[in-house]
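Using the sequences and the hints, build the whole thing.
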Amino acid sequence: MIKKTTILIVIGICLVCFFLISYQSKRAISFNKFDVSPLISPLQYLKNFFVELYSFREENKKLKQQLYQMILEQKSYYELIQENRKLKELLNLKEKKKEVVTIAKVIRTGSNRFLKTLWIDKGSEDGIKTDMPAITLNGLAGKVISTSPHFSEILLLTDTNFSVAVRVERTRSEGIVSGTGTNMCILKYIPVEEDIMVGDRLITSGTDGIFPEGIKVGVVKKIEKKKGFFQNIDVVPYQSDLTIEEVAIIKSLI
1 MIKKTTILIV IGICLVCFFL ISYQSKRAIS FNKFDVSPLI SPLQYLKNFF VELYSFREEN
61 KKLKQQLYQM ILEQKSYYEL IQENRKLKEL LNLKEKKKEV VTIAKVIRTG SNRFLKTLWI
121 DKGSEDGIKT DMPAITLNGL AGKVISTSPH FSEILLLTDT NFSVAVRVER TRSEGIVSGT
181 GTNMCILKYI PVEEDIMVGD RLITSGTDGI FPEGIKVGVV KKIEKKKGFF QNIDVVPYQS
241 DLTIEEVAII KSLI
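Using this note's numbering, the first residue of the sequence shown is number 1, and each one after it goes up by one.
In short, the hints are calculated from the structure, not lab data. Treat the hints with caution; some may be incorrect.
What the hints assert, rightly or not - Here are the computed lysine to aspartate or glutamate pairs in the DMTMM-like style, where the Cα-Cα straight-line distance is at most 20 Å: (1) K61 <-> D131; (2) K188 <-> D200; (3) K61 <-> E246; (4) K188 <-> E174.
The structure is reproduced here in structure tokens:
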């Protein structure tokens, strides 16, 4: 709402500037004995300032869109090697689809004390739907759990109700990362015999049908091997809940 009001004010000021400049031009003959340039120059400067400001904002928006697109498309060298091996085994390949993103601003935190959520300034009228992934420049942030025409609620990666299928980048082992309600996550369903090390990077595996493959999730922080089938593994997310100001919603594939 504040953003729309600011835009209307800027447009109003620009219209006033154009009117005054036009009016001064028409009255130039009547006031030919007076030098009106000191009046017109500041108005012209003001008009140019707002025109350039709008241009910069539009350019910044386009650059951010391109940056998020590049992040989605980039993969580590090891990931590319693995993908290349798979492609060589296939004879009939379809063109790889690209993710379409919408950038949104975080407007407030969720009011439900039992959920770790954020609200963004994009909703169903912007094409946002439930279960769409939310990412930042650092990595996975969460997913959409509810929408209204102009706003959406994001469930954060660290919430206890959140889970995502992941892959260990180094070993290709797969498991599930779940939130703990704190600033940490846990990696589940990794057998005790699997080779997991502190510092291993985790990325989305794409096998859950919600999150595209290759998005950064977190780094292994602590490992405990106790009696049982699976290891206890703590994970530090790439994206901290406390520093999220903007997200990109992955809307669809083209």
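Structure-based check of all given hints:
1. K61 <-> D131: 24 Å, violated
2. K188 <-> D200: Roughly 14 Å separates the two Cα atoms, so the pair holds.
3. K61 <-> E246: 12 Å, holds
4. K188 <-> E174: Judged against 20 Å, a Cα distance of about 9 Å means the pair holds.
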